[in-house]
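Residue numbers (our numbering), protein chains in the order written: chain A, 12 to 369; chain B, 16 to 314; chain C, 60 to 326.
No lab work stands behind these hints, which were simulated from the structure alone.
Quick reminder that beta carbons are idealized off the backbone N, C-alpha and C, glycines included.
Careful: at least some of the hints might be erroneous.
As the list claims (entries may be wrong) - Each computed DSS-like pair below joins lysine-lysine, with the alpha-carbon atoms no more than 27 Å apart:
#	chain 1	residue 1	chain 2	residue 2
1	C	Lys159	A	Lys361
2	C	Lys190	A	Lys21
3	A	Lys208	C	Lys308
4	C	Lys127	A	Lys208
5	A	Lys140	B	Lys47
6	A	Lys140	C	Lys190
To be verified - Computed Cβ-Cβ distance ranges for the label pairs, DEER-style:
#	chain 1	residue 1	chain 2	residue 2	range
7	B	Leu296	C	Asp139	19 to 27 Å
8	B	Ile184	A	Lys359	48 to 56 Å
9	B	Asn231	A	Lys178	21 to 29 Å
10	B	Leu296	C	Gln311	58 to 66 Å
Unchecked claim - A short list of chain A residues far from chain C (calculated; beta carbon distances all over 10 Å):
#	residue
11	Arg217
12	Met225
13	Glu332
14	Gln356
These are the residues of each chain, in order.
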Amino acid sequence: MLYREAGQFKSTYAQDQQIFPIRQDRIAIGVLLAFAAIVVPLVGNEYWLSAIITPFLIASLAALGLNILTGYAGQLSLGTAAFMAVGAFMAYNAELRIPGMPIIGSFIIGGVCAAAVGIVFGLPSLRIKGFYLAVATLACQFFVLWAINRVPWFSNHSSSGVITAQKIEILGYDVVSPAGKYLLTLAIVALMALAAKNLMRSETGRAFMAVRDMDVAASVIGIPMMRTKLLAFAISSFYCGVAGALYAFCYLGTVEPEAFTLDLSFRILFMVIIGGVGSILGSFLGAAFITMFPIFLNRASEWVAGVFAVEIPGAIVSNLEAMIFGGLIIFFLIVEPNGLARLWQIAKEKLRLWPFPH
Amino acid sequence: MDIAFFIEVLAGGLLAGVMYSLVALGFVLIYKASGVFNFAQGAMVFFAALTFVSLVERGLNFWLALVVTLAIMVVLGLVTERVVLRPLVNQPPITLFMATIGLTFVLEGLSQFLWGSQPHGLELGIPDVPMEWLSQKWNINISQFDLFAAFVSGVLVAVLAVFFQKTRIGRALRAVADDHQAALAVGIPLQHIWAIVWGVAGFVALVAGIMWGVRNGVQYSLTFVALKALPVLLIGGFESIPGAILGGLIIGASEKLAEVYAGPMVGGGIESWFAYVVALLFLLVRPEGLFGEKHIDRV
Amino acid sequence: MSGAARRVGEVVLSVQEVSLSFGGVRALQGVSFDVREHEVRAIIGPNGAGKSSMLNVINGVYHPQQGKIRFREREFQDMDSRQAASLGIARTFQNIALFKGMSVLDNIMTGRNLKMRCGFLQQALWLGPAKREELQHRRAVEEIIDFLEIQHIRRTPVGRLPYGLQKRVELGRALAAEPALLLLDEPMAGMNLEEKQDMCRFILDVNDHYGTTLVLIEHDMGVVMDISDRVVVLDYGRKIADGVPEEIKRDQKVIDAYLGVAREAVN
Chain A
12 MLYREAGQFK STYAQDQQIF PIRQDRIAIG VLLAFAAIVV PLVGNEYWLS
62 AIITPFLIAS LAALGLNILT GYAGQLSLGT AAFMAVGAFM AYNAELRIPG
112 MPIIGSFIIG GVCAAAVGIV FGLPSLRIKG FYLAVATLAC QFFVLWAINR
162 VPWFSNHSSS GVITAQKIEI LGYDVVSPAG KYLLTLAIVA LMALAAKNLM
212 RSETGRAFMA VRDMDVAASV IGIPMMRTKL LAFAISSFYC GVAGALYAFC
262 YLGTVEPEAF TLDLSFRILF MVIIGGVGSI LGSFLGAAFI TMFPIFLNRA
312 SEWVAGVFAV EIPGAIVSNL EAMIFGGLII FFLIVEPNGL ARLWQIAKEK
362 LRLWPFPH
Chain B
16 MDIAFFIEVL AGGLLAGVMY SLVALGFVLI YKASGVFNFA QGAMVFFAAL
66 TFVSLVERGL NFWLALVVTL AIMVVLGLVT ERVVLRPLVN QPPITLFMAT
116 IGLTFVLEGL SQFLWGSQPH GLELGIPDVP MEWLSQKWNI NISQFDLFAA
166 FVSGVLVAVL AVFFQKTRIG RALRAVADDH QAALAVGIPL QHIWAIVWGV
216 AGFVALVAGI MWGVRNGVQY SLTFVALKAL PVLLIGGFES IPGAILGGLI
266 IGASEKLAEV YAGPMVGGGI ESWFAYVVAL LFLLVRPEGL FGEKHIDRV
Chain C
60 MSGAARRVGE VVLSVQEVSL SFGGVRALQG VSFDVREHEV RAIIGPNGAG
110 KSSMLNVING VYHPQQGKIR FREREFQDMD SRQAASLGIA RTFQNIALFK
160 GMSVLDNIMT GRNLKMRCGF LQQALWLGPA KREELQHRRA VEEIIDFLEI
210 QHIRRTPVGR LPYGLQKRVE LGRALAAEPA LLLLDEPMAG MNLEEKQDMC
260 RFILDVNDHY GTTLVLIEHD MGVVMDISDR VVVLDYGRKI ADGVPEEIKR
310 DQKVIDAYLG VAREAVN
């Protein structure tokens, strides 16, 4: 009853095109953003901010990037972590080598470099599709990691390939506290999510989905295949690159190339599958799930260990985690291939009628 | 250029390639019979190897351990077919592929959950030393074990090729791969066929796991070796047994040669990506692989 | 019912000696005909006659081994389908080539893609020009939605619609491009009587209202005789008749082709 749209008529197309056409949604998102921007940094403890919420936001951004490429444009990619690595290392180098470069500029440079790499490794998508393309993106994943490891320039000639992200300074303020880093991440992620939503409901998004659904037909009605596919790779890699830069600067601090392995690529793919393919909201839901679940599992195993007075080694927990993730992927693919985002939609439909049954 | 050394490197690469083919074969079998690209094949190799070696270390006789592991692999195949594949039977191939990625994680976690994560050595009684005859006569060092592994792989491939082409069950498998509905319509029991296929794939995984286990030790990195089989498939085509062999040889040889001759110029370690890049370039020229079937999109 | 009020103009499309083969199969052999502006031209013939292939050649999906297509003063042999689209040729498909994951509205909006100018950066920021362009095209698409009477399903994902409605949406997508030449491949296949009547009405309205030149493949003889100005008949890849519906109806070669009368082997 609270959620009904009765009385909310749209009299212009502009109103119909809004991202949140239902007033209750607009209020909810406003409250959520205000809460996130004001309440959380004041109230949240440092552990939660730096170890859970900030990485969740970063993961959402990477998942968003992958969703654009795989969910909207239908190009399966297993090289997400490689793009993040490019973003991280190039942002570091920009900050290091260009005097007076503002941090946002470094992030953008990281993203643009990742986009360039994305375009190069996206070229095969013009000839190959489906699993073949997925295996080709593995070439990107392994090659980029090797290059970052072997070419000393990337890590400023450090012997171990490890870099330390520089201090962030914006308009004279040092952003060092967890709260500060959280707010910076929140701002960037929120803006990029808005941009992504705008893109996906415009012609670009439609062109992506057309290529995903039936690329021969898309070509026949005039959609340019090469430009569209490469644009998808570029935009997606840009998002992953910025996510990688945030990963280095606002979370890890000290970054080694091994932080960007195939395992990370799979994790982000899982976020997209579980959260909902082709959905902006889904990226956030999936990221939340995959970020929170290991923590939940850890706490649960600690509780079980306490109750039964046994020692549960970390290895067991991490193996259990892998098994459950895999199981959940299979479960979601069988039961709700459109992921948590679809479940959310169904919940909202029910909410429209609540408390009435129909 | 030292010819003897070149032949040594080439031979080593070719032999490694045969072993890659062995893993690729498992992929091809499942794809041929059910149209599913089983990303979890590598995890199956790891699981089989780890189970086998753990049973042997716990005192089980070699042959008994082999049989028991084989039985476990068959059961695994049946469970997978029932729990993962059957509910997804009408979904697009990409969904099934992602389900096998999930399966990969389940198997990797399960393997280490059951048997722990320390590396294990594995011995088959054939030493990894150069064949004396070759090394003394021509100064070429080729490992005895590599030759043995190549021989075993070759035999297995030949047997499977004959099985698919000549036997009734092999024909049924090919029919199922082509068109499930049509196969059902002529009375082929789909479920039995899939059970057989996954069982055979499990057996292949076990053999591959043992061979690679002796070579590199049975440890988590085995799953990456299996990933290397993917470029083999790209080159050979997903549906072709001869393609898996030829692709394996090409990948094995080129990777080894590149590693030895080009590697030192760029700092080494190129075997982590070289195979993939080769496959990628190959695909650009021939998008369906050497023996793969061309897909024509009809509008 | 074929509009005598319609003014049929000059030749706008000319197919000249087109031959097309796939491997050993000869789909088309030396076919020539023309299409005049504003007219409704039907292509008919038994199954396998090469009708769809002909349409595919006209809009650049297939490239003929011999012969040329001349559209509005430009000659082509190997135009690609994107070029054809940008020249003002739009089409529908026999087996429906809609984007199943998108809504009706979005599908028809994709038909406007060649008219959209804003770059992706402008779209991402939803600045003035991008927003204005989107709304402008939305208005045009809504007119088509009204015209085709599909307002009630505009947000429904196309994959969930019944066959007849999907065909209508596909017509809408083709119309959204404001084409000069519209190719319709069996637009009424699989429809019941009521749906066919609706579709006929829409097709004629398109021709009347927008003046679009139509080339359509259709099996329902009643429809063909009613709405076409002129008809081309194909059989085994060759043209066997070309003229107004009354002539075609009485042409012995056409009757033979449809009844499958035995003939000498065609080389």
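Any hints this thing doesn't respect? Which numbers, in order? As far as the earlier hints go, 3, 4, 6, 9, 11 and 12 are violated by this structure, in ascending order.
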